[in-house]
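Asks: Take a look at the letters that make up each chain.
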Amino acid sequence: MELSQENIDPTKKIKLQANNIDVFYSHFKALKNINLSMYENSVTAFIGPSGCGKSTFLRLFNRMNDYVEGFSMNGDILVDGKNIYDDKLIIEDLRKEIGMVFQKPNPFPKSIFDNVAYGLKIQGIKDKAFIEERVITSLKQVALFDEVKDDLNKSALALSGGQQQRVCIARTLAVEPSVILMDEPTSALDPIATAKIEELVFELKENYTIVMVTHNMQQASRVSDYTAFFYMGEMIEVGKTKNIFTKPEHERTENYITGRFG
Amino acid sequence: MGANNNRLKDKIFQYWGMTCTIMGLVLLAVFIGNIIVEGIGRIDWAFLTNLPSRRPGKAGIYTAMMGSVWILFLTASIAFPLGVASAIYLEEYGTKSRLNNILEINISNLAGVPSIIYGLLGLEVFVRIFGLGGSVLAGAMTLSLLILPIIIVATREAIKAVPKSIKEASFAMGATKWQTIWNQILPSSFGGILTGVILALSRAVGEAAPLIVVGALAYVPFAPSTPMDEFTVMPIQIFNWVSRPQHGFSVNASAAIIVLLAITFLMNGIAVYFRNKWQKKVKW
Chain A
1 MELSQENIDP TKKIKLQANN IDVFYSHFKA LKNINLSMYE NSVTAFIGPS GCGKSTFLRL
61 FNRMNDYVEG FSMNGDILVD GKNIYDDKLI IEDLRKEIGM VFQKPNPFPK SIFDNVAYGL
121 KIQGIKDKAF IEERVITSLK QVALFDEVKD DLNKSALALS GGQQQRVCIA RTLAVEPSVI
181 LMDEPTSALD PIATAKIEEL VFELKENYTI VMVTHNMQQA SRVSDYTAFF YMGEMIEVGK
241 TKNIFTKPEH ERTENYITGR FG
Chain B
1 MGANNNRLKD KIFQYWGMTC TIMGLVLLAV FIGNIIVEGI GRIDWAFLTN LPSRRPGKAG
61 IYTAMMGSVW ILFLTASIAF PLGVASAIYL EEYGTKSRLN NILEINISNL AGVPSIIYGL
121 LGLEVFVRIF GLGGSVLAGA MTLSLLILPI IIVATREAIK AVPKSIKEAS FAMGATKWQT
181 IWNQILPSSF GGILTGVILA LSRAVGEAAP LIVVGALAYV PFAPSTPMDE FTVMPIQIFN
241 WVSRPQHGFS VNASAAIIVL LAITFLMNGI AVYFRNKWQK KVKW
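Residue numbers (the numbering used here), protein chains in the order written: chain A, 1 to 262; chain B, 1 to 284.
Keep in mind that the hints are not guaranteed to be accurate.
[Claimed, not checked] Just some of the chain B residues that point at chain A, by a computed CB distance under 7 Å:
no.	residue
1	Ile43
2	Ala46
3	Asn50
4	Ala161
5	Ser165
6	Ala172
7	Ala175
8	Gln179
[Claimed, not checked] Straight-line alpha carbon distances no greater than 30 Å define the calculated DSS-like cross-link-like pairs of lysine-lysine that follow:
no.	chain 1	residue 1	chain 2	residue 2
9	A	Lys196	B	Lys164
10	A	Lys126	A	Lys154
11	B	Lys277	A	Lys29
12	A	Lys128	B	Lys177
13	A	Lys121	B	Lys177
14	A	Lys149	A	Lys110
15	A	Lys104	A	Lys29
16	B	Lys160	B	Lys96
17	A	Lys140	A	Lys205
18	B	Lys96	A	Lys126
19	B	Lys160	A	Lys121
20	B	Lys277	A	Lys110
21	B	Lys277	A	Lys104
22	B	Lys164	A	Lys140
23	B	Lys11	A	Lys96
24	A	Lys247	A	Lys12
25	A	Lys110	A	Lys196
26	B	Lys164	A	Lys126
27	B	Lys177	A	Lys88
28	A	Lys13	A	Lys205
To be clear, the hints were calculated from the coordinates, so they are not data collected in a lab. In this text, a Cβ means the ideal position worked out from N, Cα and C, and glycines have one as well.
Let the sequences and hints guide you as you build the complete structure.
Replies: Here it is in structure tokens:
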């Protein structure tokens, strides 16, 4: 069966595209023939049980799997129509365009300011006024500025988990990417911090394309526009989130979202 | 009654362990006590600043101490960059190739080679082939080889302790490998690296055998003023004094041992200080 969802929303612009993706870890086939497109300025959620390959799939888009031993793949990953596994691609440039937020908040052991300024500094930007402006804007975007404006020189590690995760998101926003990949961004946070991040995701999709891996079914249904269900390395189903959660086509999808397994 | 029996065994082992620990400490205390009783009275400003002499009462450790300082300084400047760079290569750049495997095994092996063998290597390579002669530089290069494996192992451990999530975050921000190493890995692991380097250097300061082979002299009338000068170091001076028949020299040896111990303790203390300071600063 054709799993590509070209026809889900033909009016929208495709930002990210995966064509016939197979991924191997040594001899283990982690992903099997995945075809999926993600639309600009929308939130796409990947759901599925642990080990189904959704994180692996997410990490293809900023080439983080390149560091995994034994990793190899077939197929094309396109960002704005360009193959990012092209030999000529400069991986650092790709990652300025495609930011990533991780499962566990992982701020650097530096000040809040230096955390958010990190991406700009490694790009060689020296203009202090510009860096400061970007840091403040980014912290405002994640609704953290008012909480930390007097503590910008304090260590980011002194913040709460939810604040740390927002620093990490601000750090990603500071380099002005167009895509943000989120790998279970709220799994280490309490419900209140989670709600704040979800709210933020909702606001960010105005300007960014967001792809989010989540274990939390309610979260997927709350924040995403499209949902893809992965199972054992295959993409079982993809569609508009409200369709997936109200009338899934596959029994497996239904069993998973209703909590019968997972 | 089984539980009582187990408790008894527990107690017996506890006391046995305590005895073993105390034994080591007592031996050390007796040794240090002995040395201090014999040598402490001999230490004064003149002892530290006098040149060596045939008369024990006039002999001092100035040349040996300055030789040790030179050795320390040169060895640190050679071994620190080499060792840290090798460790970074092995830990961050080295892939699992056969060459790297061989490198890794050999570095561990090097740590177990007796120091006198390094002396022979230094004699052949640095003294003869490089033509450095019995100079401070040749000695420092030899000792650098000796402590290189220790520095590499300590640095790798320190680098390994940096969480993977920090590295990933840096890469995901578009940092290159070198930017990640320089901005994240090295600052986070520097305390551990420094501790390893200082401990390795304090071992180098106590070495006599490889330097004797390389050609450090027992009697040097002047402190070295360039890296190419002849030299002696404190362990060699101590060895020389201990082997003399006059009692005055054995007192001198004890006094020199106290000075050497003080230097080593001081270095270890600095290492501990840095470790604690950095551990407090970097916490995950």
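Asks: Now tell me, hint by hint, if it's right for this structure.
Replies: Each hint tested on the structure:
1. Taking 7 Å as the C-beta cut-off, the interface hint given for Ile43 (chain B) is violated, the closest approach to chain A being about 44 Å.
2. The beta carbon of Ala46 (chain B) is not positioned within 7 Å of any beta carbon in chain A (closest approach about 50 Å), and the interface hint is therefore violated.
3. With 7 Å as the threshold, the beta carbon of Asn50 (chain B) stays out of range of chain A, its nearest partner Cβ sitting at about 50 Å, so the hint is violated.
4. Here the hint on Ala161 (chain B) is broken, as its CB sits about 12 Å from the closest CB of chain A, past 7 Å.
5. Interface restraint check for Ser165 (chain B): the shortest CB-CB distance to chain A comes to about 4 Å, inside 7 Å, so the restraint holds.
6. Hint status for Ala172 (chain B): holds, given a least beta-carbon distance of 4 Å to chain A, under 7 Å.
7. Using the Cβ-Cβ criterion of 7 Å, the hint placing Ala175 (chain B) at the interface with chain A is satisfied: the shortest such distance is roughly 5 Å.
8. For Gln179 (chain B), the interface hint holds, since its Cβ comes within 7 Å of a Cβ in chain A; the closest pair sits about 5 Å apart.
9. Between Lys196 (chain A) and Lys164 (chain B), the direct Cα distance comes to roughly 27 Å. Compliance with the 30 Å bound is thereby established for this hinted pair.
10. Taking the CA atoms of Lys126 (chain A) and Lys154 (chain A), the gap is about 21 Å. The hint holds against a cut of 30 Å.
11. Between Lys277 (chain B) and Lys29 (chain A), the direct Cα distance comes to roughly 46 Å. Violation of the 30 Å bound is thereby established for this hinted pair.
12. Restraint check for Lys128 (chain A) and Lys177 (chain B): satisfied, since their Cα atoms lie roughly 25 Å apart, inside the 30 Å limit.
13. Among the hinted pairs, Lys121 (chain A) with Lys177 (chain B) is consistent with the structure: their alpha-carbon atoms are about 15 Å apart, no more than 30 Å.
14. A C-alpha spacing of about 16 Å is found between Lys149 (chain A) and Lys110 (chain A), which places the hinted pair at or below 30 Å, so the restraint holds.
15. Straight-line distance between C-alpha atoms of Lys104 (chain A) and Lys29 (chain A) comes to about 26 Å, which keeps the hinted pair within the 30 Å bound.
16. With a C-alpha separation of about 16 Å, the suggested pairing of Lys160 (chain B) with Lys96 (chain B) holds against the 30 Å cut-off.
17. In summary, the hint linking Lys140 (chain A) to Lys205 (chain A) is supported, as the alpha carbons are separated by about 16 Å, within the 30 Å threshold.
18. Proximity of Lys96 (chain B) to Lys126 (chain A) is assessed by CA-CA distance (about 38 Å); at most 30 Å being required, the pair is judged violated.
19. The hinted pair formed by Lys160 (chain B) and Lys121 (chain A) meets the criterion: a straight-line CA distance of about 25 Å does not exceed 30 Å.
20. A hinted pair counts as satisfied when its Cα atoms are at most 30 Å apart, and Lys277 (chain B) with Lys110 (chain A) qualifies at roughly 16 Å.
21. Taken as a hint, the Lys277 (chain B) and Lys104 (chain A) pair is honoured in the structure, with Cα atoms around 26 Å apart against an allowance of 30 Å.
22. The hinted pair formed by Lys164 (chain B) and Lys140 (chain A) meets the criterion: a straight-line CA distance of about 29 Å does not exceed 30 Å.
23. Only pairs whose Cα atoms come within 30 Å are accepted, and Lys11 (chain B) paired with Lys96 (chain A) is rejected, the gap being roughly 62 Å.
24. About 23 Å separates the Cα atoms of Lys247 (chain A) and Lys12 (chain A), which keeps this hinted pair within 30 Å; it holds.
25. For the proposed pair Lys110 (chain A) and Lys196 (chain A), the alpha carbon gap of about 24 Å is at most 30 Å, so the pair holds.
26. In summary, the hint linking Lys164 (chain B) to Lys126 (chain A) is supported, as the alpha carbons are separated by about 28 Å, within the 30 Å threshold.
27. Straight-line distance between C-alpha atoms of Lys177 (chain B) and Lys88 (chain A) comes to about 18 Å, which keeps the hinted pair within the 30 Å bound.
28. A threshold of 30 Å between alpha carbons decides the hint, and for Lys13 (chain A) with Lys205 (chain A) the separation of about 14 Å falls inside it, so the pair holds.
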